[in-house]
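Chemist: For the protein sequence lines, the chains are A and B, in the order given. Take the first sequence: its position 138, counted from the start at 1, is 138 in full-length UniProt numbering, and no numbers get skipped. Take the second sequence: its position 77, counted from the start at 1, is 77 in full-length UniProt numbering, and no numbers get skipped.
Each hint should be verified, as a subset may be incorrect.
What the hints assert, rightly or not - Facing chain A, according to a computed beta carbon distance under 7 Å, are these residues of chain B, among others: (1) Val85; (2) Ile204; (3) Val237; (4) Ala423; (5) Ala426; (6) Ala427.
Said to hold, decoys possible - Far from chain B, some chain A residues (derived; all Cβ distances over 12 Å): (7) Val9; (8) Gly10; (9) Phe35; (10) Leu120; (11) Ala180; (12) Ala212; (13) Val258.
Source of the hints: derived by calculation from the structure; they are not laboratory data. For glycine and all other residues, C-beta sits at the position ideal for the given N, C-alpha and C.
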Amino acid sequence: MAFFVEVLVGGLLAGVMYGLVALGFVLIYKASGVFNFAQGAMVFLGALTATGLEQQGVPLWLAIAMTAIFTVVLAILIERLILKPLLAQPPISLFMATLGLAFVIEGLAQAVWGNNARALDLGIPDVPLEWLLDSTGVGVSTFDLVASIIALALIGVLSAFFSLTKTGRALRAVADDTKAALSVGIPLERVLIIVWSAAGLVALVAGLLWGARNGVQYSLTLVALKAFPVLIIGGFSSIPGAFAGGLIIGASEKLADVYIGPMIGGGIESWFPYVLALLFLLVRPEGLFGDRIIRRV
Amino acid sequence: MKHFYKLATVLLSASALLAAPACADQPEQYIPVLSYRVGPFAANGASMFSGLIDYLNLTNAKGGINGVRITFEECETEYNTSRGVECYERLKDRQGGASVIETGSTGIAYALLDRLPQDKLPMTTMGYGRADAADGRVFPWVFPLISTYWSQAAAMVEYMAQQSGGMDRLKGKTIVDLYHDSAYGKESFPVLDHYAKEIGFNLIKIAIPAPGIEQQAQWLQIRQAKPDYVILWGFGVMNAAAMKAAARVGYPREKMIGSWWAGSEVDTVPAGDAAKGYLSMTFTAPGSFPVLEDIKGTLYDRGKGNLSGDAKFGSVSHVRGIVIGILMTEAIRAAQQKYGIGRPVTAEQVRWGYEHLVLDEKRLGEIGALGLIPPMKTSCADHEGSGAAMVQEWDGTNFIPKSKGWVAGDRALVRKLAEQSAAQYAADKNITPRDCGKED
């Protein structure tokens with residue numbers, strides 16, 4: 001039983017980390033209806049910039065702060081150079097633009113900061129909590145626990161921002177109907193800059209946590225793969241959905257890998273979440289928390 | 001930005017080097033370099049191909065191979081098979097024709113396999129590719145030099161046996177093979193399965209789906225199995241993630257033995273303290289060797305090194321590239337001995353050179369590489385040449401030798417497996433194996 005609990009808890013904690021990555025996608029989709037393919041690249045860029053600055057002798061806390069400022073600057077540049085000229089274009093054009101942006105960010109990040117794999121030490125030990133292990137036999141990593149708390153706090157703050165503040169409501173209005181929002185005087189440019197900045201900051205946090213977990217290297221771009229089934233299950237436009245989807249994917253993929261995997265040759269963790277996501281798509285295409293699709297027929 | 005400027009400087013230097021006319025009457029030997037310095041595997045590729053170019057430049061700085069200057073040209077493959085094939089086709093006929101190909105990529109190497117006999121061009125696959133290509137009768141143009149995957153797996157079992165007090169002491173022990181869920185990850189299966197059956201140890205295979213960034217479930221299973229050793233047949237981010245996950249469940253890193261593609265600084269540095277004590281196989285020994293000092297003194301101290309910074313000098317990948325260069329120049333040198341000293345040789349003659357490599361302790365000492373690689377001797381039938389590997393340990397900063405010298409498993413077993421597999425390949429492809437008795 002302790003083993004089952006350990007797998008389940010480990011999966012839930014991993015799921016929160018997936019949810020964190022998914023959150024970046026949700027923010028941009030929620031405000032602009034664009035699936036930002038560059039989110040994985042932004043995770044990589046954030047972690048690489050912070051560790052790159054640290055390697056130049058900048059203290060880590062200052063490197064993180066500088067990277068956060070850089071993220072906002074990048075958001076402004078993206079809005080000015082890519083989004084604004086494409087605003088009147090169909091959503092597929094914007095999607096393709098983010099696809100190109102992903103490759104540009106990945107290439108430039110490595111050209112500027114090099115392609116060395118780096119360690120990132122946030123000062124949080126990645127070892128099991130001894131008291132918990134001794135008393136229950138269940139091993140839970142201190143790092144996983146702290147990372148989950150950080151991710152949950154971020155999800156909470158962003159949820160509150162979207163629902164309680166004037167800017168948050170403006171973002172939702174833009175997402176619901178861009179033209180109507182413009183007609184009532186909501187500044188679209190500012191909204192886009194805010195939302196891309198927020199997504200960039202979320203990517204930075206995700207990059208730092210995943211980077212501290214596995215090292216800062218190119219493969220950080222691949223954490224986005226973990227977010228796709230989370231988005232399908234949780235819904236593309238729901239912040240709590242990203243969290244719930246992450247928990248479902250994290251727990252189910254671990255349990256499936258341990259209890260079903262050995263029966264069918266193992267290694268099912270990579271595709272099992274997509275099976276689950278496909279099933280959800282059939283039953284509830286908008287996801288658990290996504291905006292319900294209502295069509296007039 | 002520093003790296004950007006350095007990259008630009010390196011590219012300009014390389015262009016200048018290539019553009020610079022050699023002495024008007026100095027003969028030249030051309031080697032295309034199919035490198036990958038950008039993309040997902042750039043961290044390893046950039047160092048490895050810099051190592052190769054460093055050694056070629058060192059050779060030129062010393063007057064070339066018996067006066068024959070090496071010319072080379074890089075083509076960026078990004079570790080992408082289609083780009084690799086494109087580079088191969090673009091470069092193979094340049095400058096009088098390529099001497100040899102080394103892609104550093106399993107995918108590209110497989111894609112070129114059928115083109116090599118038509119182009120009469122040898123290809124080295126050092127530490128990767130088909131293990132059965134060691135049988136030169138069926139694969140006359142492919143050279144999996146030093147050690148193949150199967151030799152590596154056999155050497156791993158041999159090392160574990162040495163640590164346990166003998167091969168029979170492995171009986172009843174539990175060994176987990178944590179493998180990358182790909183063709184590469186399963187390369188060890190024939191050898192490990194054979195040993196498990198023959199000796200009687202419990203072999204548990206656990207797959208990690210690519211990319212392997214999250215391994216909590218697999219490591220909980222490992223902790224439950226309480227294995228005596230964990231073989232990490234990993235690649236890319238999976239390796240650092242495995243070390244971190246091992247630390248998380250409290251599995252000792254000293255009992256983890258990685259394959260050589262899980263045994264470079266790119267794998268250990270990102271794992272931080274969790275990598276300390278971790279073991280891995282290697283076919284190039286860690287440490288300082290005269291050839292490295294020579295490269296440093298001749299090239300790097302004069303600002304002519306190919307790496308974008310000195311930090312990666314002497315890293316595992318950099319040294320692998322240097323060794324590729326050593327084997328290339330030694331094969332050309334051997335070919336010159338037969339076909340004419342001081343004259344460029346054809347690719348077919350270079351193949352002859354690769355089949356007559358004799359890198360004994362004396363020769364390795366002469367080129368400053370004694371102890372850097374195991375002594376090796378190739379032949380028409382044996383394109384591997386050694387079959388030995390070393391176990392190295394990450395001490396938190398550097399790799400240091402762990403095994404006492406080179407370790408080789410059951411070579412007869414590995415050879416038997418290679419011959420069986422090569423025979424099957426020959427049957428499938430309608431290839432008549434060469435009669436090595438009739439080769440000169």
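Chemist: The structure should be examined with respect to each hint, and the outcome stated for every one.
Modeler: Hint by hint, here is what the structure shows:
1. The beta carbon of Val85(B) comes no nearer than 21 Å to any beta carbon in chain A, farther than 7 Å, and the hint placing it at the interface is violated.
2. At its closest, the beta carbon of Ile204(B) sits 10 Å from a beta carbon of chain A; the interface hint therefore is violated under the 7 Å criterion.
3. For the restraint placing Val237(B) at the interface with chain A, the shortest Cβ-Cβ distance is roughly 4 Å, inside the 7 Å limit, so the hint holds.
4. Given hint, Ala423(B) at the interface with chain A, is violated; its Cβ is 28 Å from that chain's nearest Cβ, farther than 7 Å.
5. For Ala426(B), the interface hint is violated, the least distance from its beta-carbon to any beta-carbon of chain A being 30 Å, above 7 Å.
6. Because the beta carbon of Ala427(B) sits about 28 Å from the nearest beta carbon in chain A, more than 7 Å, this interface hint is broken.
7. Residue placement check: Val9(A) does not keep its beta carbon more than 12 Å from all beta carbons of chain B (closest about 10 Å).
8. Residue-level check failed: Gly10(A) sits 4 Å from the nearest beta carbon of chain B, not beyond 12 Å.
9. Here Phe35(A) stays apart from chain B, with its beta-carbon at least about 21 Å from theirs, past the 12 Å limit.
10. Not every C-beta of chain B lies more than 12 Å from that of Leu120(A), the closest at about 8 Å, which undercuts listing it as non-interface.
11. Every C-beta of chain B lies more than 12 Å from that of Ala180(A), the closest at about 41 Å, which supports listing it as non-interface.
12. Not every CB of chain B is more than 12 Å from the CB of Ala212(A) (nearest about 9 Å), against its label as outside the interface.
13. The Cβ of Val258(A) sits about 5 Å from the closest Cβ of chain B, inside the 12 Å cut-off, so the non-interface label is violated.
Taken one by one, the earlier hints fail for this structure at numbers 1, 2, 4, 5, 6, 7, 8, 10, 12, 13, listed in ascending order.
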